[in-house]
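Can you make the complete structure from the sequences, with help from the hints?
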Amino acid sequence: MQKLIGSVTSRLVISVPYLWLLIFFLVPFLIVLKISLSQVATAIPPYTPVLDITAGIRSLFNGISQFTWENYVWLVEDPLYYKAYISSLVIAAVSTVLTLIIGYPIAYGMARAPASIRPTLLMLVILPFWTSFLIRVYAWIGILKPEGLLNQFLMWANVIDTPLNILNTHTAIFIGIVYSYLPFLVLPIYSALEKMDYSLVEAAEDLGCPPLMAFWKITFPLSMPGVIAGCFLVFIPATGEFVIPDLLGGSSTLMIGKTLWSEFFSNRDWPVSSAVAVVLLLLLVVPIVLFQRSEAKAQESEK
Amino acid sequence: MNTTWSRFNIASLVLGFAFLYLPIVLLVVYSFNESRLVTVWAGFSTKWYVSLFNNQAFIDAAWVTIRVGLISATFATILGTLGALAMTRYTRFRGRMLFSAMIYAPLVMPEVITGLSLLLLFVAIGLDRGILTVTLAHITFSMCFVAVVVQSRLVTFDRSLEEAAMDLGATPVTTFFKVTLPVILPAVVSGWMLAFTLSLDDLVISSFTSGPGATTLPMRIYSQVRLGVTPEINAACTILIAIVAVGVIIASIANKRREVNRARDEQAAARN
Amino acid sequence: MKSLGSFRRKFAPWNDPQAKPFIAIENVTKRFGDFTAVDDLSLNIYNREFFALLGASGCGKSTLLRMLAGFETPTSGRILIDGQDMSGIPPYKRPVNMMFQSYALFPHMTVEGNIAFGLKQDGMPKNEIEARVAEMLKLVKLEQFAKRKPHQLSGGQRQRVALARCVAKRPKVLLLDEPLGALDKKLREETQFELMDLQMKLGLTFVIVTHDQEEAMTMSDRIAVMDKGKVKQVATPAEVYEAPNSKFVADFIGNVNMFEGTVTAAQDGKINIDIAADKMTIRTDATRDCSVGQTVGFAIRPEKIRLSRKEPANSSVNAAYGELYDIAYFGDMTVFHVQLENGRIIKAASLNAVRTVEDPLGYEDMVWVNFDTDAGILLTA
Ligand SMILES: Nc1ncnc2c1ncn2[C@@H]1O[C@H](COP(=O)(O)OP(=O)(O)OP(=O)(O)O)[C@@H](O)[C@H]1O
Ligand SMILES: [Mg+2]
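Chains as they are written, first to last, in our numbering: chain A, 1 to 303; chain B, 1 to 272; chain C, 1 to 381.
Hints listed in this document are in silico derivations from the structure and should not be mistaken for laboratory results. A couple of the hints might just be wrong.
[Said to hold, decoys possible] Just a few of them, taken from the derived set where beta-carbon distance is under 8 Å, the chain A residues facing chain B:
| hint | residue |
| --- | --- |
| 1 | 140 |
| 2 | 214 |
| 3 | 232 |
| 4 | 295 |
[Stated by the list, open to error] Capping the alpha-carbon separation at 16 Å, the derived lysine to aspartate or glutamate pairs in EDC-like fashion look like this:
| hint | chain 1 | residue 1 | chain 2 | residue 2 |
| --- | --- | --- | --- | --- |
| 5 | C | 147 | B | 265 |
| 6 | B | 178 | C | 122 |
| 7 | C | 230 | C | 39 |
| 8 | C | 149 | B | 265 |
| 9 | C | 149 | B | 259 |
| 10 | C | 149 | B | 266 |
Model, not experiment: these values are computed from the prediction. All C-beta atoms, glycine included, are put in the ideal place defined by N, C-alpha and C.
See the structure below:
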């Protein structure tokens, strides 16, 4: 088949998106890596050395010899950074588990709903995903504030008599992540469950397996690909999340996305923020590769 | 199925959807609040919408956002569709692993990393930051989403349609435009819509890659939010939500209509 | 003159040494990885022939057809169509058209659009296309469905659109991959005759792949029986049925009783075979060379075996005695399973030519089976 399609066309089909991603996705990482080894400078751009390939190989080598590990040493020495990394990973992991606990029953309920209303339910889950992330996070500020709607409601219902302090705590971040990333988890689980043949569960029950056991032994394992994909889709971006900790977490919460942002925009320290990014990427490279593998495998098996 | 399970299902759906929609509903409701205090209801008013439309900074930002969205979605759709074709049609070419990694990684890559790295690229090649750089950045991350959407349609595409076209004398290029593209068009269109909304919504990557005169709506909203919650932002958010919701609902109704018609036609055909 | 079975028509270019094959498949091999789907296969197919490829699932029929259409390239060997070497020629430049098992109708085009598609690719003028489409619609009796989309058609109608679409281009060869597989039995039988008519009318060469032996027998001039990528026999339907060249073909086509034994005597063009396992002696025409002492196979079709309660005249050869073990009634005929002393089952079929039978055979009746010396097939391969 390959030979049939004019090789010019096929080369075009492959190389145009390939080149684009090389230039705008891969090369930028190399630049980040390079700048993370540079020194901060009060210049434009604010770092040295500035490698200029046009200036010839010699000056390139000169530049490379000026590379420094200083920024990484800095990351290790200042507890702010590794605390931020650890706290990001922990917050992302806890949020992923919470999202799974809340999302799985929703996906299950959708998959077992009558076939006629399933498309509507699906659309209802997707719809919030189409509305802006920022807006959805913003909506929670008004709810979680000390004088916000949640506290107003709880006090009106006489559940509490002094307002709860939720905004600017980890709880608020958890709520924000669960809320924003819920569709990412529900959709893959739903599509795994929906594909599943329900007669498998009936067969298990017919063979003497009680319903809860049948769920645990049949349904859950079969939904595993969806669970795994969904968890990656939540965990990886949540680790580097900026908007949620910034708007809901307040100044006391440490998350690495926020740290990177402020290094970059407030301190204008490009080399350190690059180093922060490189280390974050190294932390996430294993989950990212696993995610890519599982997606590629899922696509293969569709064929 | 036994009833306790059904009840459990219904309960989890109701609670789940309440959780998903209540914050948005409250946000919309309070955009019509008379009071400046977002959380105290003081009667119905549309004054915040009026003040929003008099806010030139918001209007400018909206205009930038729409331009970036339209252009980046279109290019992302073209590139993403090509990428999906490359992934499904050519199972063996050099560097396919890398290609597949570059398609999937941006889906989960923390935005701060993507944003920072693109900015550093633009600085390195001496591209002035502005609408162009934001658009390039948006094309890059949304083309991967398009590629995944189109790819999932292509893997279930019946290849014998293309073979039939070629058998009837169509060259590969003609085959693509006359047969493949029309058949996968719904996926391509929803890929475009996805790319457009992703671009419309993006804050972090835009913040890194934009420069003076290229402030997008989310950036504008964000800087206002940092100053405090105001009904004017609620109004802006409501408008954004309304645009997207109307688009998605129209698309899904059209889809539903097509399916119903199709089912009816099929039944009619089976009868004669 | 005696001949095997009945012929569809007087047409046998393959017996004519002067005739040039229209499609020549020369030593074609196709490998997928290390799996060999088509194995050093050679075949000649003649102009205006209705040629069937028959074989078990996975034996390489579709692969062979797809190589003719140009969707697969042979790993080695070559294919000539009308004297022209097809290697390197893409599907859209070949003088063949294929009808797909799934029909592969373009879902976004109307019936007309589908039929016109191939003509447009040839750059045919618009009015000619219209005329040709109308002609095709008439041919497959779908005039009133011209404006419909494929999903608005029933299975049989879709099949006819697919047919019209590939015939519209007037290809020299039509390739059909299980064209009737998706139709129910009745529709399939009707369509078989329609296809045969069409082939005659247009004077095309048909190469058809099928799973269904009856279909292959009904429609084709010749059948190629395939197994594991190789052709086992190429012959007319009657030859394949009445004179299979190997145990595989005998067993694959129709119902058969198979025996194996040793030749004990050979004279006057007849041989005796001792079937030790069944304590039976078979006497049959020596249609193949064989010598005393050789192990040979013997196949006999159920309808060529007689059943009787009385012992036949010469029960020392071509006869066996057993108990009626099973009776399968098909309406037009009945198949009896007779179990010999050693447990071996022999199938005998009899036509139900009359409506009422006096004293019919029943379960557990003891019966004789016997057959004539020219009823069976001697097999040495
Ligand atoms: N593209 C391919 N890659 C690998 N193996 C293939 C490919 N196409 C066919 N095969 C293998 O070649 C063998 C022959 O396939 P083919 O489709 O020709 O069989 P067939 O005779 O048409 O069977 P059926 O009657 O089921 O349609 C099968 O074992 C199949 O698995
Ligand atoms: Mg086949």
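Problem - Broken hints, by number - result: Hint 2 alone not satisfied by this model.
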